[in-house]
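Trainee: Residue-level listing of the chains:
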Amino acid sequence: MSLRSYVVARVLLTIPMILLLLTMVFLIIRVMPGDPADLHFEKRVDPETLAAFKQRLGLDKPLPIQYVDYVAGLLTGNLGSSMQDYSPIGQQIFSAFPATLELAIYSAAFAIIVGVLLGVRASRSYNSIPDHTIRIFGIVSYAIPVFFLGEVLIMIFGIYLGWFPTGLRFSPRMDAPQGLQLGGWRLATGLYTVDSLLEGNLTKFLESVRYLFLPVLALGTVLCGIFIRMTRSNMLETLRLDFVTSARARGLKERAVVYAYALRNAFLPILTMMGLQFAALLAGAVLTETTFSWPGLGRYLVARITFRDYTAIQGTVVFYGVIVALVSLIVDVLYAYLDPRIRF
Amino acid sequence: MAGGESRGRIVVQLFPRIASLRKRGLAGWTTLVGSVIVVTIIAMTLVAPWISPHDPSAIGVGKPPYPSPPSADFPLGTNHLGMDMLSRVFWGGSTMLQVAIISVIVCLVVGVPIALLASYAGGMLDKATSLVMDSIYAFPGLVLAIAIAAMLGPGVVNMALSIGVVYIPSYFRVVRSQVLSIKELPYVEAARTIGARSRSILFRYILPNVVPSVVVIATINFADAILTAAGLTFVGLGLSVGIPDWGWDLTWGRQYLTTGSWWIIAFPGLMIVLLALGFTLLGEGLSELLNPRLEE
Amino acid sequence: MKNRSAVSNTIASALVVVMIIAGVGGYYLGSQGVAPAATTVTQVAATTLFQTVTITTQMPTVTTVTTKTAVTTVPTVTITTTTGPKLKDTLVMGTTDSVEVNLDPAEAYDFFGWEIIMNTGAGLVDIAPGTPYNAGIKDITPALATDWTASADGKTYTFNLRQGAKFYNGREFTADDVKYSFDRNMGLAIEEGPQVGIGYSDIIDSVEVTGKYQVVFHLKIPFSPFLNLMAAQASYIVNKDIATTAGPVNYVEGDARKSNPNDLGPYVLSSWSRVAGKDNEMRLDANPNYWAKAAGLPMTPHVIIKFYADATALGLAVRSGDVDIAFRQLLASDIESMKTDPKVKVWQGTGAFIQYMLFQEKIPPFDNPKVRQAISAALDRKEMVDTVFLGQAEPLYSIIPKGMMGNTDKFKELDKDTAKAVSLLKEAGYSETNKLKVEMWYESSGHYPQSPDQAAVYKAQLERTGLIEVTLKGADWPSYRQNRNAEIMPVYVYGWYPDYVDPDDYAFLYWAAWIHHNYENPEAVALYDQARAISDPTQRSQLYAQIDDIAVRDCPVAPLYQGSAFAVTSPQVDGLVLDISQNFRIWLLFAKL
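Chains as they are written, first to last, in our numbering: chain A, 1 to 344; chain B, 1 to 296; chain C, 1 to 593.
Hints are computed from structural coordinates only; laboratory data are not their basis.
A hint or two may mislead.
[Stated by the list, open to error] Straight-line C-alpha distance at most 27 Å; calculated BS3-like pairs for lysine-lysine:
{"#": "1", "chain 1": "C", "residue 1": "K278", "chain 2": "A", "residue 2": "K54"}
{"#": "2", "chain 1": "C", "residue 1": "K362", "chain 2": "A", "residue 2": "K43"}
{"#": "3", "chain 1": "A", "residue 1": "K61", "chain 2": "C", "residue 2": "K416"}
{"#": "4", "chain 1": "C", "residue 1": "K278", "chain 2": "A", "residue 2": "K43"}
{"#": "5", "chain 1": "B", "residue 1": "K63", "chain 2": "C", "residue 2": "K416"}
{"#": "6", "chain 1": "A", "residue 1": "K43", "chain 2": "C", "residue 2": "K416"}
One chain only, chain A, in its complex shape:
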């Protein structure tokens, strides 16, 4: 099977998967006690009014019709309107996602870089104190709930030392980074770090880093343990292989051996692991966002679950599913492409 047909097959498989996910969530949220129509009325409401209102939200139709309507809308790219504030869901998701994406990217980068560096260090001094310390750190960091670590960081660095802010994504005294402005056009990614650089404003860049620092530290630390252990065991295996011994025998410096040869081979499994961990990253982001009040998609979803905003929940779930499927597809394809042992 060629690479192209592999990709096609994977994409085709994604669709039933997402549909399945959507169906599950669709049913679960409607079984949950409480309904969004009733929640619009803080105070008294008489049954006729409530019934009329339910009609407005489309909740009076039988369940299968609601389902079909929604899926049909999905196929045309319409995610519907929120049952809480009537805004288009697509707009809300796309305004929330960049915050989560920024958090996820930097946390993943942190986890990978720190994890790999520590893993390499550990493998190089096998069975010694640094090795054991690093391994213990790897295990312990995984056992810490991310919101606990977040709270501790807030307490120490945010409140006690006052070095870092919390509760917003950017300083309230400045305008948010606008991105690149060319004439009437604006190019903005929604990632404040990138946008501030596009704008050429270093102050804003530093501000956005300041606000990102603690959440990334929390989420990144909790995730790096896995990479530490993976890198370490991969390096240990690779370092023992013949070609490494021969490289050493030829007199190459240790550092060159480690980084040039061994690490490159350890890279592929890390890539796969990253793909697998992506779902975990998004899940961890939910708690991190709640702890730091980061205005991202995870926090949005939790808030909407509390309001039973059916369309918002469904839309976000579908969005998550698509993102996760996309990322794992990219990772798998990259893996197949990079690994010379796998050929179609």
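Please arrange chains B and C on chain A, whose structure you already have, making use of the hints.
Mentor: Chains B and C alone, transformed into the frame defined by chain A:
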């Protein structure tokens, strides 16, 4: 007579086990440390009613103003309602452990048989269940747990169910990959050609080989379950406030960080970390013991 | 093999060392502390609470206020002119609120939505700032109406309107706009909107234009709180160019003008952005067409509102000076420690939010008034308020809060009386071996402030009698409401904040059908109907007192507490008024440079 003898037997049997663990090097040590931590914490929650100086839900036991920092009378301080933190630490693990145990049981009882049947049978059944499991697996677990927990309402069993559902796919995957590889082994093939029934093949050949991996993933799952349980309580979907629980203290204590009352979250948080750590170590150690890798 | 014991020893000792360091470090950090909570609960100096507000403007035609028989801690608001020190040009305000749906008076029914409507729009009348504590609300002041008369039967109100007030596009405000606003808002009859919720069409029959600047309201029933109703944001005048009869005005991304049908107020909403369904930033700029502009209002021409996600972050922001004003919501512990922080100023005022405990009379034994009375008597409201809210709320002994006429202390006889609770329970047949089992529900998703804390305290208080066993159950807000409608919660706690400032909007809570606690009392309802038809405050107070008597006798509902309003600002900020009307008048705020 019988009691003493059997006790003696147990002790005699334990020692070689411990000794043999020691012989197994780092893996053995990890398992030992892990089990010690877990057993200690379990013991602590079991004797909590006897060793707690105060009722963990009694308000205003100390001297105002609350929350009061650790002192001689209250070694771990009191929280903002004047509840003794030491008692809450003793009692707080019990619900979390219950949730973890029940969720692991749910996963074992539901996930493992489905995996065995589906992967052994192969064909459409295997593909269909794999698809379902992959969908669940691909989804951020916490969110699914939140949705199910919100649906079921508060309570220990409900929390355990929601966590269990989220982790069944992991069990499924592990068991399935094992079954697939064992299925093709020569001696299994041989058994089939002789005409052995599928059921006996499953039980006699496959299941015993699957058990070690299941044990490993169950212990690691314990740690995850505990963390997810704390997470659910943090989001407000866990247990009612009348039950002392570490997760509750973390949620409550959040509001008092700005005024410097660190002890409300610090000690319960540490306990959660310790418990999760214990299970992780246990899992890691067992993983190496049962599936030894060629490291040396 | 050779180093194994050395290795394992090293690991063990490393672990021990790490734990020691962690422990020592933790204690060290802890003993340093941060702004330590005051160990002596000081009565903060009078300067930080109940500020005397002297704002000075020259309002063209004002029958202002009220130097009434006031209690000593009253903020007296005198409106005089200032040409004093230079003031700041821009103020930054922080809040954790968010507009729930939109800013259309026909649909908005949330606190923050009403706050923005009030600051960008105007009604026929307004409530004078700083209405005294513990007196009746009689301080209706002119806004878009300059004077008014009521007919003798109380069913016809004639308003003479202000001349020369202009909408943003230059069009003049006339009586037609008043008729349009009411016809449209009531006609749209948006189900979740305040007109339907409050029942405007049960009160107002029609609006008639009798002159370019005169309008007459014909009511269906004599309704003495009518002027208070006219001062509510649901009665504000809309700009018909933006608010059409086609439907409500919703948030339009990138176009604040089109998102806000309110006009004629002190500010213009010049920018409004939402991210992920929650408000992100709002900008208010002085309205060049404001009818009271000559008086120097608004005091501060530019206001930026920033939205924070939680109280902790907001508290940090106001302390660090990121925002000049923080209003709703701040943590009680934070406020407490801020009272002694020289970098910020704490303002406290009357709140109108109340919470009360309900008994489901369909579930025995809560159909027995003795049991209900016993539970109320076993509670210690002051202790709860001090423990949970750090004294930043008031115990409530009547369903009508303090600061309103009709407030009494009648429930004091069913409070903090364990002996009485015990004797009532024994009369009802309970004993140490046969305890009363109470399943108490609370709302767990943060809809009401600190519900889990309250629940924990109530449980402890009830169990002090020795004859009650409490099981606590929490449910998130949607589930809680569903349970309420399904009538399955034996004992539960609910909350209320008013639509308009009058006891008429509180008293009915004793028997309201939509609370689903299944209590009826035609006698009380008759008293209530009587009270809303007459206008003499003394007579009305007496009627409400009688209703309270019935309530104490039957105890269908146990009032719990009344929240106080708090705001925290930087020391230079002044002009805040936190009165019973709950109106946050941004146009009065200013800060010295």
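Trainee: Hint by hint, note whether the structure agrees.
Mentor: Outcome of the hint check:
Straight-line distance between C-alpha atoms of K278 (chain C) and K54 (chain A) comes to about 23 Å, which keeps the hinted pair within the 27 Å bound. Restraint check: the Cα-Cα separation between K362 (chain C) and K43 (chain A) comes to about 21 Å, which is no more than 27 Å; the hinted pair holds. For the proposed pair K61 (chain A) and K416 (chain C), the alpha carbon gap of about 52 Å is over 27 Å, so the pair is violated. Straight-line distance between C-alpha atoms of K278 (chain C) and K43 (chain A) comes to about 22 Å, which keeps the hinted pair within the 27 Å bound.
Between K63 (chain B) and K416 (chain C) the CA atoms are separated by roughly 21 Å; this keeps the pair inside 27 Å, and the hint holds. Taking the CA atoms of K43 (chain A) and K416 (chain C), the gap is near 30 Å; set against the 27 Å cutoff, the hint is violated.
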